[in-house]
Amino acid sequence: MRYLITLEPLEPFMFGGDTTFGALGDKEAGSYIVKSRQFPQQTALLGMLRKELMTQEGLLTRKRRGEWVDLKNKKRAIEFVGEGKFNMLSPTIQNFGVIKSISPIFLIKGDSRYIRKVNIDSFTYEDGKLKGYNPKDIDIYDNFINIDRDEKLKSEKIFRDIEQIGNKKGAKENSLFKKRAYLLKDSFRFAFYADIDYRLQDSIITLGADRSAFRMEVREDRGELDYIDPRGYLTLIGDAYIDIDNIQDSVTFAITSEISHRNLISKKSALRKIKFEKSKTLYLYEKGSIFIEPSSKLIENLNKQNLQQIGYNIYTLQGEKR
Amino acid sequence: MRYIALTIGPIYKTLQNAKKTRELWGGSYIFSYIMKKIIIAFKDREFIVPYIKDKSIFENKNGVGLFHDRFIFKSQDGDIDKLAQTIDEVLKDISKNSTISYKFLKDYLQINYLEKDIPDDANPILEFSPYLDTLELFYRVGNYRDNELQYFLKNRLNSSFLVKDAFGKKRKSFPSLPEIALHDLKEGSDIVEYIELDDELSVYEKEPYKSKIKRYHKYIAIVQADGDNMGKVVESLKTKKDNNTDYTTKEFEEFSKKLFEYCKISSELIKEFGGETIFAGGDDLLFFAPVVSGDKTVFNLCDEISEKFDKLFVSNKKDSPKPSVSFGVSISYYKYPLYEALETARHLLFDKAKSNSKNAIAFNLIKHSGQTFGAVIHRQNREIYDNFLVFTSNIKGGSDMDNFLHSIHHKIDTYQKVIENIAQDRDRLKNFFDNYFNEEVHNDYKSFFEALIDFMVAVYSDKSIDNEMRLNIIYASLRFVKFVQGDKKKEPKQ
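Residue numbers (the working numbering), protein chains in the order written: chain A, 1 to 322; chain B, 1 to 494.
Bound-form chain A, shown alone:
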């Protein structure tokens, strides 16, 4: 079944990626100020869905001291949502049970869908020059387009800054912190499509560094993020991991930004206490980046199927859709 799943923030949210608070009082890795990202990572969405599916199917035990899958449910859980964490670099396609695919996250307001896209439409690229472009006048990266109507917006029309200052209890030093969280303005919600072989119900879920609450609404929908750039440029709809050497030789030009990816890896120790460590950082091309006349080599490199099933490396290109 294909669904359109929307997430409405019920409180200010904090999406992390790289910088988090770190350990209390940690001089090196900790940070006094943490700023939320605008979107959650696709891996966070997958994790949320797997957990919610298990909850709805009754496979997750929740007690005050934590939540886990009882031994008696383990086999069924593995069948249901797959085993092990998502591996960004897996050479094979991982299995996530009833979750067949999820699309990149986007924004929705009413029946309009918005994606991030660099503001190339306001300019013409010719002979190495973006005509009319002056970085002092415009932030070309701060742009969202309505793919159902002719409209473009800046971040300030969608995201509201919420600043929170506090004091972490128990730390002698470095205890003051500042959070820059967001709320969505104007009845905007997050959204994504998902192919799931299960009757997923509406629910309240948590997402993000702070476990912020969202109302999740699930509707059957056959829709696609089928936006095509009017000039035939390749548009990244989801963040993308591209690892060819000398990418500049595989494209005429591109307007791109970088986003980092990091998640928690669990490390089991002999004492059976699970420790969480941050994984190494992977650097991705941010959704909304465009590539002009990409070579087939580049497109081949983009088509990493394991990543595409959970909404990474999704792009549109005239004549080809993935």
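Hints are supplied without guarantee of correctness; some may be wrong.
To be verified - With a cut-off of at most 27 Å between alpha-carbon atoms, the simulated BS3-like pairs for lysine-lysine come out as follows:
1) LYS297/A - LYS74/B
2) LYS74/B - LYS131/A
3) LYS322/B - LYS238/B
As the list claims (entries may be wrong) - Beyond 12 Å from chain A on every Cβ pair, some chain B residues (computed):
4) ARG2
5) LYS13
6) ILE57
7) LYS96
8) SER98
9) ASP107
10) LYS116
11) ASP133
12) LEU137
13) ASP146
14) SER160
15) LYS169
16) SER236
17) PHE350
18) GLN371
19) ASP386
Please keep in mind that the hints were generated in silico from the structure rather than gathered at the bench.
Ideal Cβ positions, reconstructed from N, Cα and C, are used throughout, including at glycine.
Using the hints provided, position chain B relative to the given structure of chain A.
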């Protein structure tokens, strides 16, 4: 005429996560270093930017990065290939002298360049800027997993090749935050001896400093400055024909030379004040400074820098806007993340100081409690500006300064409407304060009131500022004075 133009980055990305002053410095200096090494290979070429005829730019050992993130020079046959080769050699050299691998550098650094033929009478800066601006939009994401540069800046910077290049044998590293913030206590003691490598801030707990420190010693200013209306100046430069009917780029050379002099002089002023320049290239300045130095504040320093700039860039075209300098001054508590303070300085500069008429100082003070205050002071109105400088620096108050300043603030707040009506009149304003602060006016605080009244008259006489802004300027200035002159015991212990 054929030119090669180059741009390098990513500078701001590199400065993220900088927690110590030397990390901020190193992250910036390495770019200046790379540019210097590339330019050296072409030092016999004619450069439009930067000005390299004064060879001291290559031998500078006061720790300041003097090379901007772009250059343009007149190219000859084979230069474009030579450039590619030179870049490779420079990166290989860095990797030989540090823990950073060549592969990482090639992946991480965004070096873009092009060679182009342009008409002889064209303005090379205007011609090439759009190409460089465009090239910078294509950020090539690296395949590395570990940020080797960040590791180097955090762990291997002291006594590194970078420090040696910047300071020669003089220093092991860029000065730490306490060294800068405690500038006016340094007399007679070698503070460097007291500063522990792993715990720089512990020096605040040691004598001879502990008993002498005032509130402002626990704060540091980060200042970012940028020329205003420089685009107009560039537009007016011409490749003139000299007597032999050859086009000459002499005007550009003179322009770049002025920028070089401005950078040099500014660095000296900053050093004299007790500050440390992180970067000085083109019309860009970035530096740390103590809040107070002798009987001057960081605002006096900004004013001095502006004066030097004004002397160098005299506008000779009647109807074009006069070039000037705007400043973003972020003063923050010593435990506040440096990178955040830098971002604040940037925001103050570009969003506040440079909006409207420019030629302004936009400042913001972030206290330990997280509370902030600030204002934009326009230099255009010399009355306000000069009085602001006098008021914030020359005030020798009396006893119980904190309470006194608090009641002034409170009184002005309570009688806002009255003040709106009388503040343009010096006598009436004087009577107002005489009435409410009879004792103080005639005793300890006599000079304070004189300066305050002069300042308020200037602010209220400027019709271009609305009332809310006027009050904001007055309050922010009062709070600044309170911050500098107030009692130490008000600061909570941490």
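Can we trust that ASP386/B is non-interface, i.e. its beta-carbon lies farther than 12 Å from all of chain A?
holds, 31 Å
Outside-interface status for LYS116/B - nearest CB in chain A farther than 12 Å:
Given that some Cβ of chain A is not farther than 12 Å from that of LYS116/B, nearest at about 9 Å, it is violated.
According to the definition I'm using, a residue is off the interface if its beta carbon is farther than 12 Å from all beta carbons of the partner; does LEU137/B meet that for chain A?
violated, 4 Å
Taking only the CA atoms, is the gap from LYS74/B to LYS131/A under or equal to 27 Å?
holds, 24 Å
Looking at PHE350/B again, its CB stays over 12 Å from all of chain A?
With a cut-off of 12 Å, PHE350/B comes too close to chain A, as the shortest Cβ separation is near 9 Å.
Confirm or reject the statement that ASP107/B sits farther than 12 Å, beta carbon to beta carbon, from all of chain A.
violated, 9 Å
Mind verifying the non-interface call on SER160/B? Its CB should be farther than 12 Å from each CB in chain A.
holds, 19 Å
Taking the closest pair, is the beta carbon of LYS169/B still more than 12 Å from chain A?
holds, 30 Å
Non-interface claim for LYS96/B, where every Cβ of chain A lies beyond 12 Å:
holds, 22 Å
Going by Cβ atoms, does ASP146/B stay more than 12 Å from chain A at every point?
Answer for ASP146/B: violated, closest chain A Cβ roughly 7 Å.
For LYS13/B, is the shortest CB-to-CB distance to chain A above 12 Å, so the non-interface label stands?
violated, 8 Å
Can we confirm that no CB of chain A comes within 12 Å of the CB of SER236/B?
holds, 18 Å
The structure is inconsistent with the numbered hints 1, 5, 9, 10, 11, 12, 13, 17, 18, although it conforms to all the rest.
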